[in-house]
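Novice: Protein chains in written order, with this note's numbering: chain A, 1 to 372; chain B, 1 to 333.
The set of hints was computed from the structure by calculation and includes no laboratory data.
Where hints are given, some of them may not hold.
To be verified - Listed next, the in silico SDA-like pairs over lysine to any residue satisfying Cα-Cα at most 25 Å (straight line):
id	chain 1	residue 1	chain 2	residue 2
1	B	32	A	332
2	A	332	A	140
3	B	134	A	20
As the list claims (entries may be wrong) - One-sided and incomplete, this derived list gives chain B residues near chain A with beta-carbon spacing under 8 Å:
id	residue
4	7
5	41
6	298
7	305
Yeah, the Cβ is synthetic: ideal placement off N, Cα and C, and Gly gets one too.
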Amino acid sequence: MSVPVQCRHDETFVLNLGPQHPATHGVLRVKLTMDGEYIVKAEPVLGYIHRMHEKMAEDGNFAQFMPNTARMDYLHALAYNHGYCLAVERAAGIEVPERAEYIRVITVEMNRLTSHLLWWAAFLLDLGGFSPLLYAFDDREQILDLLERITGSRLTYCYFRFGGVYNDIDDEFIAGTYAFIKRLRSRLPRLYHDLVTGNIILIKRLKGIGMLSKEQARRYGCTGPVARGSGINYDVRKNEPYSVYPEFDFDVPVYNECDSMARYMVRMDEIEQSMRIIEQALDKLPDGPVRAKVPKILKPAAGDYWASVETARGNLGHRLVCDGKKNPYKLKLRSPTFSNLSCFGEVAEGMLLADALAFMGSLDLVIPEIDR
Amino acid sequence: MDTNIWRPILYLIGFMAFAGINAAYLGWCERKGAGRIQRRTGPMEVGFQGLLQPLADGLKLMSKQLLVPDGVDSILFRVAPILAMIPALTSMAVIPFAGNVQARAVELSVLLIFALASIGMMAVLLGGWASGNKYSLISAARSVSQNLAYEIPMLVTVITIVMLTGSMNLEEIAAAQQGGFWNWNIFPVASHSLAQAIIMPVSFIIFFICSVAETNRAPFDMAEAESELIAGHMTEYGSMGFGLFMMGEYLNMVVGACLITILFLGGWDGPLGLSGGIWWFLVKIYLLLFTVIWVRWTYPRTQIYKLLNLSWKILIPFSLVNLLLTAAFIKVF
Chain A
1 MSVPVQCRHD ETFVLNLGPQ HPATHGVLRV KLTMDGEYIV KAEPVLGYIH
51 RMHEKMAEDG NFAQFMPNTA RMDYLHALAY NHGYCLAVER AAGIEVPERA
101 EYIRVITVEM NRLTSHLLWW AAFLLDLGGF SPLLYAFDDR EQILDLLERI
151 TGSRLTYCYF RFGGVYNDID DEFIAGTYAF IKRLRSRLPR LYHDLVTGNI
201 ILIKRLKGIG MLSKEQARRY GCTGPVARGS GINYDVRKNE PYSVYPEFDF
251 DVPVYNECDS MARYMVRMDE IEQSMRIIEQ ALDKLPDGPV RAKVPKILKP
301 AAGDYWASVE TARGNLGHRL VCDGKKNPYK LKLRSPTFSN LSCFGEVAEG
351 MLLADALAFM GSLDLVIPEI DR
Chain B
1 MDTNIWRPIL YLIGFMAFAG INAAYLGWCE RKGAGRIQRR TGPMEVGFQG
51 LLQPLADGLK LMSKQLLVPD GVDSILFRVA PILAMIPALT SMAVIPFAGN
101 VQARAVELSV LLIFALASIG MMAVLLGGWA SGNKYSLISA ARSVSQNLAY
151 EIPMLVTVIT IVMLTGSMNL EEIAAAQQGG FWNWNIFPVA SHSLAQAIIM
201 PVSFIIFFIC SVAETNRAPF DMAEAESELI AGHMTEYGSM GFGLFMMGEY
251 LNMVVGACLI TILFLGGWDG PLGLSGGIWW FLVKIYLLLF TVIWVRWTYP
301 RTQIYKLLNL SWKILIPFSL VNLLLTAAFI KVF
C-alpha cells in the first residue's frame, strides 16, 4: 500500500499504543503520530519495567546474580544463564566438564524451541488467529514438563552453575526428549505449516510488509532471526563459537526477502535446526561429572571480560568488569531485543497500523529484556 | 378477524424468544466449537456441559454498573447498543421459517431486511464515535468503509435472485425453490437453464463472504480487531451495553444465515424431495452458523485495505457480471 502523498501536521493525532495494549506483549509503549490509519511517526517509549538488574549484579556476589538472569528474557532464560556463566567462567578461568557442556546445549536448545513456539503463538494472536496459540502451547508444555524434571522450574530457570549445571539428566529425560522431537517433527508440517504458513491470509499479510533492509538491520545492530531475515548470515553459535556448538552439524537459515515473512520463516526453520542439535547432542552425550570443583566465593582477577551467546532473539553480550573483589565491579548487558526494537520507528513510518503491529510481532519482542 | 389479531402477536413472541435464545446460546455454541477446534473442552462448570453459562454471563453483565465515562457523548453512547440489537430483532419478524410461519408477511421483505441491516451498522458508527476513544474512532471509520463496500455486491447479488424469482417477498422466493435441491437457487438445474446453474454458485459465494463481512465476523472483524484496536467500538462499554453489542452480533449472524437459506438454499425445502418443514430451515441455518464459527477459529484476520480491495476489485465486478449474465439468460431462454 502506498503512502499518502502529503500529510498536514495539523491533521494528525497521537495514539498511545500501550503500555497496556494486547499487541505489545508487555509494557512497551509506542507513541504513534497517525494520519488516519497511516503512521507518520512512531516512537517507542521504554522504562516501564526497569528493575535495575545490572545494579543488582554489583551488589551481590557472582553466584547471587544467577537467578536474576532468568528474569530478563523469561522466554529464553537458559540462554541468559549460559551467557552469564560463560562471562564469569572466562573471568575466573573455570573449565567446564564435557558432559555439562552437552547438557547445557541440550537444555538451551530446548528452551529455544519453547521460545520460538511461544513467539509463533503470540504472533498469530497479533494477526487475529486464535487457535494456533493452543496448538503451540500444547507442544511447549511437553518441553516444560521435561525441563521441570531436571531443573525444578518451568519458566525462570536457574539451572546453570559456574563450572557446570545443577543437576544431571537421566534416562527418562533422554527418552522423553527423543519422543518429543519425534512428536514435534510429525506435527510441524501438518499443524504448523499446512494450517498457518500456507494460509493465504497470512501470506498476504506478511509478504512484502515490514521491509527491514540489510543496511538498516546493520545500522541498528539487529541480530538473531531479525538480521537473518534481512539476509545477514550471522549467528553467534557459528561466527563466534562457544561451548560445544562447533561439534554439531546444523545450518543457519538465512532469508533475503527482508519482510515479515522472511523473519517468520527463519524462526520456523530454526525450530527444525534446534531439533537437529538436540538429537546430535543426545546421541553423542559423553559420561562424566556435570560440575567442576569451584570455590564457593569467586574472586576473579581484575580485568574486562566479554561473552556473547545466541538467544532466541539474537546476540546477547555480557561485559563483566572485575576488580578482584567477590562482586562484579560492573556488569553490562547487550540485549538483542533493544537493538531489534530500535529499527521500529524508522520502518513503521508510513505503514498502516495493522501492518506495523504485524511487523512488531515479527521482531519477537520481550520487554523485560529491553528494560532490565 | 380474531385470528388475524392474535396470530402476529403470538408469532412475534415466538420469534422474540427464538431470537433471544439464539443470541444467548450461539455464544455458548461458539465457545464450545472454539474449544473443540482448539483441543479443549470449552465451558464446563456452570450446569451440564456449561449449558447454564449464557445465563450466568447474562446475570453477571446485568448486575454490573452501566458505566458512562467522562467525555463521551452520553446520549449517543447509550443509544448505540440498543441500535445494535433492535434492527436485528426486527428483521426476525419478516423471515419465513416455513410456509406461512412468519410473523408479518411484508411484500418487500428483502428490501426491509437490508434497510434494517444498514441501521445496525449505525450502532458501530455511533458507538465508536460517542466513546471519545481514538481506537473506537478508527473502528467506526473502518466499519463504515467496510459496510459500504460490502453492501453493494450483496445487493447486486440479491437483485439477480429477485430477477430470477420475480418477487421481493422472501416467502415467495423460498416457495419458488420447492421440490428438491435441484430447484434451489444455489444450483437451479431444474427450474432454470444450465447456464444459470453455473453462475449461481458464484453468487452464493459472493453473498456468503459479504454476509460474513457485514456481520463483522472474523476474518473480516476489522471493527473489533482486538489485537489492533482492542475491541474497537466496544472498548468503552461494560455491563449490558457490551452484552447488547454481543447479542446484536449473534442475532445479525442468525439473520444472515436465514437470508442465505431463503435466497439460495431453498428455505424450508427438504433436499432430495423430502417433505419440507421448519426443521430443514433450522438445520440449514445452524450448518451455516457452524461454518461461520469454524472459519473464525481457523483463519487470521485480514487487513482493512486488502478487505476493501477484495470488495471493490473482485466482488463488485463479479457480481455485476453475474447480474448482466442473469438478465441476458432470462431474456434469451
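Novice: Does each hint fit the structure? Answer for all of them.
Specialist: The hints, checked one at a time:
{"no.": "1", "hint": "B:32 / A:332", "result": "50 Å, violated"}
{"no.": "2", "hint": "A:332 / A:140", "result": "31 Å, violated"}
{"no.": "3", "hint": "B:134 / A:20", "result": "15 Å, holds"}
{"no.": "4", "hint": "7", "result": "44 Å, violated"}
{"no.": "5", "hint": "41", "result": "12 Å, violated"}
{"no.": "6", "hint": "298", "result": "7 Å, holds"}
{"no.": "7", "hint": "305", "result": "5 Å, holds"}
Violated hints, in rising order: 1, 2, 4, 5; the structure is consistent with all others.
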